[in-house]
Amino acid sequence: MNYSNLTRRYFEGAEALAGVLTGPGTFRGNAGSRAQGTWVQFDLRVDAGGARTIQAARFLAYACPHIIAAAAWLAEAAVGRSAGAAPWMSAQGLRERFAIPVEKLGRLLIVEDAWNAAVKACMGSTAG
Amino acid sequence: MNAPVYLDYAATTPVDPRVAAVMADCLTIQGAFGNAGSGHSFGDQASGVIETARAQVAAAVGAVPAEVVFTSGATEANNLSIFGVANYYRSQGRHLVTVRTEHKAVLDPCRELERRGWQVSYLAPRPDGSVAPAQVAAALRADTVLVCVMHVNNEIGVIQDVAAIAAVCAGHGGARLHVDAAQSAGKCAPDFAAFGCDLMSLSAHKVYGPKGVGALLVSQRRGVHLEALQYGGGQERGLRPGTLPTHQVAGMGAAFELARHAAAAEGARAALLRQRLWRGLSALGGVLRNGAEDNSVPQILNASFADVEGESLLAAVRPHIAVSAGAACMSAAQQPSYVLRSLGRDDRLAESSLRFSLGRFTEERDIDCAVAAVAQAVTRLRKLGGA
Numbered sequence: 001m002n003y004s005n006l007t008r009r010y011f012e013g014a015e016a017l018a019g020v021l022t023g024p025g026t027f028r029g030n031a032g033s034r035a036q037g038t039w040v041q042f043d044l045r046v047d048a049g050g051a052r053t054i055q056a057a058r059f060l061a062y063a064c065p066h067i068i069a070a071a072a073w074l075a076e077a078a079v080g081r082s083a084g085a086a087p088w089m090s091a092q093g094l095r096e097r098f099a100i101p102v103e104k105l106g107r108l109l110i111v112e113d114a115w116n117a118a119v120k121a122c123m124g125s126t127a128g
Numbered sequence: 001m002n003a004p005v006y007l008d009y010a011a012t013t014p015v016d017p018r019v020a021a022v023m024a025d026c027l028t029i030q031g032a033f034g035n036a037g038s039g040h041s042f043g044d045q046a047s048g049v050i051e052t053a054r055a056q057v058a059a060a061v062g063a064v065p066a067e068v069v070f071t072s073g074a075t076e077a078n079n080l081s082i083f084g085v086a087n088y089y090r091s092q093g094r095h096l097v098t099v100r101t102e103h104k105a106v107l108d109p110c111r112e113l114e115r116r117g118w119q120v121s122y123l124a125p126r127p128d129g130s131v132a133p134a135q136v137a138a139a140l141r142a143d144t145v146l147v148c149v150m151h152v153n154n155e156i157g158v159i160q161d162v163a164a165i166a167a168v169c170a171g172h173g174g175a176r177l178h179v180d181a182a183q184s185a186g187k188c189a190p191d192f193a194a195f196g197c198d199l200m201s202l203s204a205h206k207v208y209g210p211k212g213v214g215a216l217l218v219s220q221r222r223g224v225h226l227e228a229l230q231y232g233g234g235q236e237r238g239l240r241p242g243t244l245p246t247h248q249v250a251g252m253g254a255a256f257e258l259a260r261h262a263a264a265a266e267g268a269r270a271a272l273l274r275q276r277l278w279r280g281l282s283a284l285g286g287v288l289r290n291g292a293e294d295n296s297v298p299q300i301l302n303a304s305f306a307d308v309e310g311e312s313l314l315a316a317v318r319p320h321i322a323v324s325a326g327a328a329c330m331s332a333a334q335q336p337s338y339v340l341r342s343l344g345r346d347d348r349l350a351e352s353s354l355r356f357s358l359g360r361f362t363e364e365r366d367i368d369c370a371v372a373a374v375a376q377a378v379t380r381l382r383k384l385g386g387a
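Line by line, the protein sequences are chains A and B.
Number 128 marks the last residue of the first sequence (this note's numbering); no jumps.
Number 387 marks the last residue of the second sequence (this note's numbering); no jumps.
The set of hints was computed from the structure by calculation and includes no laboratory data.
Just so you know, not all the hints are guaranteed correct.
Just a few of them, taken from the derived set where beta-carbon distance is under 8 angstroms, the chain B residues facing chain A [to be verified]:
{"hint": "1", "residue": "ASP108"}
{"hint": "2", "residue": "GLU309"}
{"hint": "3", "residue": "ALA315"}
{"hint": "4", "residue": "THR379"}
{"hint": "5", "residue": "ARG380"}
{"hint": "6", "residue": "LEU384"}
{"hint": "7", "residue": "GLY385"}
{"hint": "8", "residue": "GLY386"}
Far from chain B, by Cβ distances over 10 angstroms, these chain A residues were calculated [unchecked claim]:
{"hint": "9", "residue": "GLU15"}
{"hint": "10", "residue": "ALA35"}
{"hint": "11", "residue": "ARG81"}
{"hint": "12", "residue": "GLN92"}
Note that the coordinates shown come from a computational prediction; the quantities given were computed from them, not determined experimentally.
Where is the CB? At the ideal position from N, CA and C, for every residue including glycine.
Based on the sequences and whatever the hints tell you, model everything.
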């Protein structure tokens, strides 16, 4: 399997963005399963204000290099964005950014689902 | 950056420099470049080289020279054997027996025969990868004309008891035994005569010879017949016509000659290196060995790594070591190894497997490098996966 330079960079540097967040103002979403071959989890820490600005994001993934790279990039790129803002990424967008084979679109939808689950948990909360 | 450590000798081996020298002598005007079929001195010279090589190959595998039919490799030898027997004996029956863990070069011809109306029984190996002779006996039918069982499995290195299986086939009377021994030479001294099988496939490039040449051994003692698949020229007793590539054949002969003398020492050395490798890998925890440890060639170690995704594992170790994923998750199609699945591994473990195959040029420091690379990758990926 050949990977784009961006995929390689984020796959190799993924550890810096991996992990879990705990404490007040943190929210979690995950999707997929190890048994199926792809599992992704995001933790978001947002501010207590109405904008729900993402202060930090971390991910965990049991997945192929493409999915790990995409999840790592999301965790990095999300910081400073409003969790409630209009969707700024999609599975298709990630596919194009990382030059991921179309056969892996199903796995990218798991990334999208995990992210949306974390945002939903965040937006559904009443207190930061 | 240093080149990755090569631990994929079961896929192919580099040509031994001594073999390359023999081959080079057959290429130019000063050497044995002639057509072995020509009636002049150049042809005689080439023919002599080929017959020397035939004798070298035969001596290395317990055959007589007249039983050696040179081919383009083991895949062609397997095809010639399977289709050649099927075509010749089709009036006696249309049933074959083989094993689910055979190489594709055997399974695909069998499937093609199924498409042509033949019936094939695919035996499931035991969890250690071996097939009991009793399983073969139970699968034989009155119309069975061929049994195909490989000697050494290319993914897990397990050695089948082909002598016992040959005895089962001999007892049946009509079932010939074909053994794919592509991985055997240089690793465990296959003995065609002692095995008592009818046909055996060999490859040169698994034993420090060149790619593009192999052989099918056709037992004279047992009187097995084949129908040729190609026509024109009558070379190789009409079974594999076409001008013989003298340099390739000479290279195969030299490689088998070297292997004959070096196999025991190389096997002992490989056993120590494999032991060192397994000790390092198993210390990681969650590492499962695939195939029987005490019944496999010492050059191959196949292991599954729990809680690690297969494609990521291969990508993570790739800069440091060259290994095979045992036909695991190499593509988006995500096909786990059918060999490991046949042993009872689930899809995830079958995908997260690595085949390490050691060889003549593997050193202790290569093993240590492999252990370090795999340990780093597994630890990192388990952390990324929250394991």
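Hint check results:
no., hint, result
1, ASP108, "violated, 23 angstroms"
2, GLU309, "holds, 5 angstroms"
3, ALA315, "holds, 5 angstroms"
4, THR379, "violated, 10 angstroms"
5, ARG380, "holds, 6 angstroms"
6, LEU384, "holds, 5 angstroms"
7, GLY385, "holds, 4 angstroms"
8, GLY386, "holds, 4 angstroms"
9, GLU15, "violated, 6 angstroms"
10, ALA35, "violated, 7 angstroms"
11, ARG81, "holds, 23 angstroms"
12, GLN92, "holds, 16 angstroms"
Checked against the numbered hints listed earlier, the structure breaks hints 1, 4, 9 and 10; every other hint is satisfied.
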